[in-house]
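K.L.:
In case you want the letters, here they are:
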Amino acid sequence: MSTIPTRTPRRTPSRTPTRRLEPGRVGDPATRHDGVPKVTGEFAYSSDLHAAGMLWGKTVRSPHAHARVVEIDTSEARRLPGVHAVLTHEDVPGQKNYGLEFADQPVLASDRVRYFGEAVALVAAEEPEQARRAAAAVRVVYEPLEPVTEMERALEQEPLHPDRPTMSHGYRDDPRPNVVRTMVIRHGDPEAEGEVSVAGVYEIGIQDQAFLGPESGLAVPDGEGGVDVYVATQWLHVDRDQVAPCLGLPPEMVRIHLSGVGGAFGGREDLSMQIHGALLALRTGRPVKIVYNRQESFVGHIHRHPARIWCEHRATRAGKLVNVRIRILLDGGAYASSSTAVTSNAASFALGPYAVENALIESTCVYTNNPPCGAMRGFGAVQTCFAGEAQLDKLATKLGIDPVELRLLNALAPGDRLPTGQQIEGSLPVAEVIRCAAALPLPQAESLPREAIRLPGGAGNTTRGEGVQRGIGFAVGFKNICYSEGFDDSTAARVILRADGSAEINCAAAEVGQGVSDVILQVARTELGTDDVVLAPPETASVASAGSASASRMTWMAAGAVQLACRAALEERKRAGGDEVDVERIYRHARTTPLDPETGQITGDRAHVAFAVAAMRVVVEVDVELGLTRVVWIGTAQDVGKAVNPLAVAGQIEGGTAQGLGLALMEEIQTRDGLITNASFTDYLIPTTLDMPPVESVLVEDPEPGAPYGAKGVGEPPTVVSTAAIVSALRDATGRELARVPVRPDDIVGL
Amino acid sequence: MQLVRPSSVEEAVAALRGGAVALGGGTDLVPLLRDRIVEAETLVELHAAVPRGVRRCTPTSTSPSPSSARFWIGAGTPLAVLEAEPEIPTTLREACRLAASPQLRAMGTIGGNLLQATRCWYWRLKFPCWLHGGETCDAKEGQHREHAIFGNERCASAHPSDPAAALLALGARIRTDRRDLPLAELYRLPTDDDRSMTTLEPGELILELELPAAESSIYVKAMDRQRWAFALVGVAAARVGGETRIALAGVAPVPWLVSSPEELEQATPLPGTAYKLEIARALVQRALAQL
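If you read the protein sequences in the order shown, they are chains S and X. In terms of my numbering, the first sequence opens at residue 1 and continues consecutively. In terms of my numbering, the second sequence opens at residue 1 and continues consecutively.
Note that these hints are calculated values from the structure, not bench results. Glycine included, each C-beta is placed from N, C-alpha and C at the ideal position.
DMTMM-like, lysine to aspartate or glutamate: derived pairs with alpha carbons at most 25 Å apart:
id	chain 1	residue 1	chain 2	residue 2
1	X	Lys126	S	Glu71
2	S	Lys38	S	Glu504
3	S	Lys38	S	Asp532
4	X	Lys140	S	Glu150
From chain S, some residues computed to sit far from chain X (all C-beta separations above 12 Å):
id	residue
5	Ala499
6	Gln563
7	Glu571
8	Val583
9	Asp605
Use the sequences and the hints to build the structure in full.
P.N.:
Okay, structure coming up:
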């Protein structure tokens, strides 16, 4: 439990626009160094790369969700003008399969394709249009197979991966076909009865990361058999460790360089063009650039898992939760990606930040021929938060208890145990966060008449007040910070401290827009006591792994590594009599161990490193005759440990909230027999500035004892909570159950 | 691919003979070309050939009432011009303002907008659907929440144009290189024998529009987000010469005139589009209340 008494909630500073760059230290609202170039269009994204003599690569993709590949004929494509290479699976010199955690995905399909858009062949040509034509000229003969598209039926259908690549990794043995992972958590007496119970079935559609910068990169052969890949990614070293074996090269001959990232949100954890670009570059001896188009981007990365969740919450009449029983079914799509971890996260945080003595949680992820799913901001916790918080609202209504009071009554606190048996050791100010969010004053109801954009229906001018109902919602989100379950990682930082006092920092942490490069600079300035610090471009050759920019871990881990390395550098320079020193240090978080495969209980002190909580209060207006909605206002309190940069934290809260709003109201990948039917920004809608209400955020600073400066990660909790909170408000306005997201007009005015 | 840039209507019409495709603002055509839904060896760029601009036609001395005033609009006029044109009927100005996004409205022409292709996913993804010459409408069996509630017996696609509904409600006429016709006669429901959605002949070019001033008119649009989305249901209503007309966007394969609110009850919604009828009922009522 935290011993640091400063718990004063702090309002985020007002966001007055400024172009003045503040070289901030830890705790300052520093201006991000890439902010101005991004706004003015000067920032170079990975799709802006150019190299002299470069060729353009293009991927030939499967038009089928499931098919046998009978024949691939590249002869015509090879003869076309400007074409330098046409490659198939036969041209992959090393391992034929790759994968973030399990190598179950072919670099290029050989005998079978398992999803719409799977890569089958590659071409490189002088001009993009020549590459496109050559790709179209690759003749692939498919024998279409029946696609597995319904997750419940998948458990009885022919296995898509008969070799079961995810089994025997310490997971529960589940003999049913197409299981990626099943996990069961048994806690207390899973049969315990309550005095009242509420039940529900909830569904979450497939959400896309919908980053604006498409997958893109440049592979440059080094003339000595190795290759440099410049790419927008989330974890440089894990890319290298997947690319090199497929090229048949030792890791040091593959160097990954971070290029400008136009959004990631988990969608760049898995490889996209890295191996493909490198194969083409090594084959042609020329730099090769690949940029996905928008449709290709939608099919070319993993998505958020769609889910179906069955819940029963049993409680006393006074509102104390007695037993929670939850069954979670997740559609992982064609390949494993990070599905096994998502399966576990969904289960581990399914109860929310509540103390419950008994629980039975079952979580299963299946392979299907639907679009592959993997990491996306919130990582399993988004889905179960939506279901669990709806259940708590239902219980509050049934018991006639205020929903906020019900949550306070059950709030988890340091010292309590999670259903996995893990005791909360660090900071977790659940009750305080709930109280802070609930205390935010609601905006006054606006009077009529109003301009259309301030009414449901927005610019469409559909109401002058007719049919409009106001609703207020509340929800609490809960998730871990850092990697877990024995999948422990580390972050390295290297500091070159010069005699003149200036410093250069090397760290492979991926700046994906979250602001970690500013965090690194702030920490270095603070530790070294100078503003004369530069951050070198992240690459695999100059420093060891930083781990992934995901799981809300990068601020914590990078700050830890840079702090460690800076302190060591100062020591060494003293010893060296003031001469230049170059030191590298590796930071590790507290060790975690796997969960028991049969009981879901911890096998050591912890399966998770730390936790964070966010509470959100939402006001909506719904035109109940038209089903059109307007989110009026969002107030939120978030447990951040310590805000390294309060301005950046507010940005993460707003952005994360917007992404959850998208899932609540509009975002869903639509499929037909596994084919994505809305792979464009015309048909897959994401929120615009007009859909976003003002977000008032309170940062609750309760330092995490094991973390540098006490800072927790902040990227995911807003996304975890906002979908649940917004739909809670929609239920209040409409009186409808709204058990599926996204909630669209047809869900409000339909039968 | 060849690009031809005629500088007169005559040259443009000549260039369009033999299967060339007319290019207005390109906001709809270019994506269709990219997706290989439209194939063209020759594009005829209309910018210098088709008239653009808005004129108020002087009323004749025998009919001085305001409703007899008429507007002439060149088919090459971008929507961005019309949305800022204070004199034209509100319904058209609003429909243009609510269409697409500023960048698209700056390029997209009113003539091209009338001929906009459906957003139906199955059609855009080249499913062998009825509209592409196949046997069945894929939308009817699959996801179809954006689809039609009227005229959907063969094809359930929805026409996406907002301005077309406004112009229908106003009773606008169009002139092509070979005829003059009410806008309502530009559109047809596709049949088994002829699956086109318009009555335009191959190579026929829309040159100008003519529409009356309205005593009162309105365009309102239900969308999936606050702005920059296609109409789930768009409602145009106009009172012209004492007569009120209603036309809807996003509810049928073509822009859809309804003679009265009661006619909405003749809708034939699909399971997933029944909500559109609910929206249409309420929105028509609200639009009429504001006329």
